[in-house]
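Those sequence lines, one after another, are chains A and B.
Take the first sequence: its position 209, counted from the start at 1, is 208 in numbering that gives the first Met the number 0, and no numbers get skipped.
Take the second sequence: its position 411, counted from the start at 1, is 410 in numbering that gives the first Met the number 0, and no numbers get skipped.
Be aware that a few hints might be false.
Identical copies go unnamed one by one, so any copy, or any two together, can satisfy a pair.
As the list claims (entries may be wrong) - Simulated crosslink set (DSBU-like; lysine-lysine; CA at most 35 Å straight-line): (1) 260 <-> 405; (2) 201 <-> 417; (3) 218 <-> 259; (4) 153 <-> 323; (5) 189 <-> 323; (6) 99 <-> 417; (7) 99 <-> 323; (8) 37 <-> 424; (9) 417 <-> 37; (10) 323 <-> 424; (11) 92 <-> 424; (12) 405 <-> 417; (13) 92 <-> 167; (14) 37 <-> 405; (15) 201 <-> 323; (16) 424 <-> 44; (17) 323 <-> 203; (18) 44 <-> 259; (19) 92 <-> 398.
No wet-lab data here; the hints were simulated from the structure.
Bear in mind that the values here come from a model prediction, so they are computed numbers and not experimental data.
Below are the chains, spelled out letter by letter.
2 protein chains.
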Amino acid sequence: MNIRFYNARILTMVEGQEIFDGELWVEGSRITYVGEAKSEEEISKVSGRFTRCIDCRGNLLMPGFKDAHTHSGMTLMRTYADGLPLQEWLETKIFPLEAKMSGEDCALLTKLAILEYLTSGITAIMDMYLSPEDIATACEETGMRVVQVSGINKFGPSLEVFEERFLKLNDRHPLSSYKMGFHAEYTCDKELLMKLSDLAHKYKAPMYTHNSETVREVKECVDRYQMTPTVFLDSLGLFDYGGGGYHCCHMTDEDIEVFKKHNMSVVTNPGSNTKLASGIAPVARFLEEGINVAIGTDGPSSNNCLDMFREMFLVTGLAKLREKDASVVSGMEVLKMATVGGARAMDIMDCDVLASGKEADIIMIDLMQPNMQPINDIANNLVYSGSKQNVKMTMIHGKILYEDGKFNIGISPADIYKGASMIQKRLF
Amino acid sequence: MNIRFYNARILTMVEGQEIFDGELWVEGSRITYVGEAKSEEEISKVSGRFTRCIDCRGNLLMPGFKDAHTHSGMTLMRTYADGLPLQEWLETKIFPLEAKMSGEDCALLTKLAILEYLTSGITAIMDMYLSPEDIATACEETGMRVVQVSGINKFGPSLEVFEERFLKLNDRHPLSSYKMGFHAEYTCDKELLMKLSDLAHKYKAPMYTHNSETVREVKECVDRYQMTPTVFLDSLGLFDYGGGGYHCCHMTDEDIEVFKKHNMSVVTNPGSNTKLASGIAPVARFLEEGINVAIGTDGPSSNNCLDMFREMFLVTGLAKLREKDASVVSGMEVLKMATVGGARAMDIMDCDVLASGKEADIIMIDLMQPNMQPINDIANNLVYSGSKQNVKMTMIHGKILYEDGKFNIGISPADIYKGASMIQKRLF
Numbered sequence: 000m001n002i003r004f005y006n007a008r009i010l011t012m013v014e015g016q017e018i019f020d021g022e023l024w025v026e027g028s029r030i031t032y033v034g035e036a037k038s039e040e041e042i043s044k045v046s047g048r049f050t051r052c053i054d055c056r057g058n059l060l061m062p063g064f065k066d067a068h069t070h071s072g073m074t075l076m077r078t079y080a081d082g083l084p085l086q087e088w089l090e091t092k093i094f095p096l097e098a099k100m101s102g103e104d105c106a107l108l109t110k111l112a113i114l115e116y117l118t119s120g121i122t123a124i125m126d127m128y129l130s131p132e133d134i135a136t137a138c139e140e141t142g143m144r145v146v147q148v149s150g151i152n153k154f155g156p157s158l159e160v161f162e163e164r165f166l167k168l169n170d171r172h173p174l175s176s177y178k179m180g181f182h183a184e185y186t187c188d189k190e191l192l193m194k195l196s197d198l199a200h201k202y203k204a205p206m207y208t209h210n211s212e213t214v215r216e217v218k219e220c221v222d223r224y225q226m227t228p229t230v231f232l233d234s235l236g237l238f239d240y241g242g243g244g245y246h247c248c249h250m251t252d253e254d255i256e257v258f259k260k261h262n263m264s265v266v267t268n269p270g271s272n273t274k275l276a277s278g279i280a281p282v283a284r285f286l287e288e289g290i291n292v293a294i295g296t297d298g299p300s301s302n303n304c305l306d307m308f309r310e311m312f313l314v315t316g317l318a319k320l321r322e323k324d325a326s327v328v329s330g331m332e333v334l335k336m337a338t339v340g341g342a343r344a345m346d347i348m349d350c351d352v353l354a355s356g357k358e359a360d361i362i363m364i365d366l367m368q369p370n371m372q373p374i375n376d377i378a379n380n381l382v383y384s385g386s387k388q389n390v391k392m393t394m395i396h397g398k399i400l401y402e403d404g405k406f407n408i409g410i411s412p413a414d415i416y417k418g419a420s421m422i423q424k425r426l427f
Numbered sequence: 000m001n002i003r004f005y006n007a008r009i010l011t012m013v014e015g016q017e018i019f020d021g022e023l024w025v026e027g028s029r030i031t032y033v034g035e036a037k038s039e040e041e042i043s044k045v046s047g048r049f050t051r052c053i054d055c056r057g058n059l060l061m062p063g064f065k066d067a068h069t070h071s072g073m074t075l076m077r078t079y080a081d082g083l084p085l086q087e088w089l090e091t092k093i094f095p096l097e098a099k100m101s102g103e104d105c106a107l108l109t110k111l112a113i114l115e116y117l118t119s120g121i122t123a124i125m126d127m128y129l130s131p132e133d134i135a136t137a138c139e140e141t142g143m144r145v146v147q148v149s150g151i152n153k154f155g156p157s158l159e160v161f162e163e164r165f166l167k168l169n170d171r172h173p174l175s176s177y178k179m180g181f182h183a184e185y186t187c188d189k190e191l192l193m194k195l196s197d198l199a200h201k202y203k204a205p206m207y208t209h210n211s212e213t214v215r216e217v218k219e220c221v222d223r224y225q226m227t228p229t230v231f232l233d234s235l236g237l238f239d240y241g242g243g244g245y246h247c248c249h250m251t252d253e254d255i256e257v258f259k260k261h262n263m264s265v266v267t268n269p270g271s272n273t274k275l276a277s278g279i280a281p282v283a284r285f286l287e288e289g290i291n292v293a294i295g296t297d298g299p300s301s302n303n304c305l306d307m308f309r310e311m312f313l314v315t316g317l318a319k320l321r322e323k324d325a326s327v328v329s330g331m332e333v334l335k336m337a338t339v340g341g342a343r344a345m346d347i348m349d350c351d352v353l354a355s356g357k358e359a360d361i362i363m364i365d366l367m368q369p370n371m372q373p374i375n376d377i378a379n380n381l382v383y384s385g386s387k388q389n390v391k392m393t394m395i396h397g398k399i400l401y402e403d404g405k406f407n408i409g410i411s412p413a414d415i416y417k418g419a420s421m422i423q424k425r426l427f
């Protein structure tokens, strides 16, 4: 399906480019034109190329949001165990339940998450969870773009199984890829991490992990190895090909140097860090230091929703509170994290901005809602006032998957809700 | 119009009452029945009384949210001056622009805010802004419930004008009342405050004000009077008939004692306090001390949206961060603040819960959205995962003003947006 969007405001997120009025063409999975409105004469020449023309009525087109850290299948545990700190929550509630989940469960629960991502304009996710094959299938079937990350830990499958998956799940589908990662320092022993480092070197692969999320995690690592998690993991060579850290709330100057040295990304998760009382990441400092910052919702059991608008407000709001300075981290800086920063962290640079030749991962923002009026600084308004309600359309890989509240992902929401409810009845 | 809601889940917010399946009747402006589903025989006897029967399909009915502190007319300044700390923002940006606003402007801009309140399930507001008569008219025309508070300050109208308004604006319409208040300690001199205290005593009236919002405000008051704002204002007898404080981020033990002694309410404004880097209010402590806590969005220039869902997540999230404890301030405690606590702070106890004889200020929450699935702990989920997108219907005083994205307030959103844009062009 080839689509022409006209009468649009367009925020390309190309560095230095302001919002402008114009039009955008999608042919196949790619953007073939972004720019000023074409004349009637020009349009008459090309109109046969389009199967649908959408009058945007002054609404905004922009790149879809990248949710750079999540655990989609945890939709099952939404409000299952609220009010607990991270470690207790994981060990007493989450791990025992996860042990009972099947691959099929995981696929269905991932589809439930995908519905929610689409309502929030999220067009790509970096997902770390059980049953990677089933997650890949769920994303491919529905049309969601996914970068999976292995959550290797001392309880889980062997490195041999992982290496096989790594080879199998990359290049199997244009929407789906698989990165090296481990759950966290505190769920891996040193020997496992050393072997994983060897694999990273073998494939020259970047490495991703939960990092310095809580004070307790950092303290226990220092007790164990006399190094912070970042420095300890780096000492094993795990970050020699870059990668990223999720959370990064409690970072020393030395930790920050490690991230800079290896050109690593921080993925900040303010909703989860707030709900679990983990702390506030020094995002203003990361920006000052030139570190790439992306945003993740984390999973729906620790957040509990998968909403980039909530995260965007929290990224800047918590930075302001932390630094006691209302001027830090502007709306545009946050939008950059949620789009370009995410694409860079996830290594999907084909999807970062709206430009000819790029993947058509596009959202339309409804500006004709009261929270966007009167129209003034649209970029700031998206971050400070935007909500799911403003997402009129979500397109991934050239296909509209969500439009005016309706989904087009090959399965009905009602069937997904019914499936999730049945899993809940079986496992709770 | 008399309406029967059936097939509903119902959260009455009556103390100790759990969510149950049942039905609810509205006749005129009042609730006439809330309880279990009636039998077909019983229904056949009463069905002639209803002009409309709404099948809720398992969705949730609950009391509307009370936004206990806002400045509606500031919709004009949404994203007008982001990134500034409170005092600079007020003095260099907001006050000069407000000086140019007419009463008619204020009414139109209030209607713009009302659209947004309705999308977020807010059924009553406590509004402090310019042109009280015009605000009252805007609310009465659209059907919004409003408790206005005077924002007396040393630059504004005289106390004689205020007293006249106080007498005129109370009892003029069932949706509208007017309370005594002043802007803040730092915008009033002592003589003015003493005269206002006399008026509070004359009418035995509770008193409301911005209180201890920033460190600077508290410090300057201590420098001036060797007392914190709360203690200083109390020393003038301003709180002898109770009332409330907006913000209350920086409170001493002595301040808390003043609030307890006079049975005053704290209205917490976490979105605004975050965006302006003002600080985090000690909400967990307020609850421990038995102080009534309500929630306000503050105005759309400092927040920048009017969304009770954002505020509810922030109330508990920021409390967890402040106390470094994920267990403080439960979802149900937050819902209580947003409904019953608000009604108590605003002195509209007829609208606090769903019960026979109460005002029909009711919202319907769409549970058939991905962020509410699978259905588990609904109360927690509203607070941790709810969004404007879940508001299917907003009813005030027995009238449905918002339903499935459509407004019924006697003026179209398009006309309001056009009006706001014209004001913007004239004044910016």
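Query - Earlier hints that do not hold, by number - result: As far as the earlier hints go, 1, 2, 15, 16, 17, 18, 19 are violated by this structure, in ascending order.
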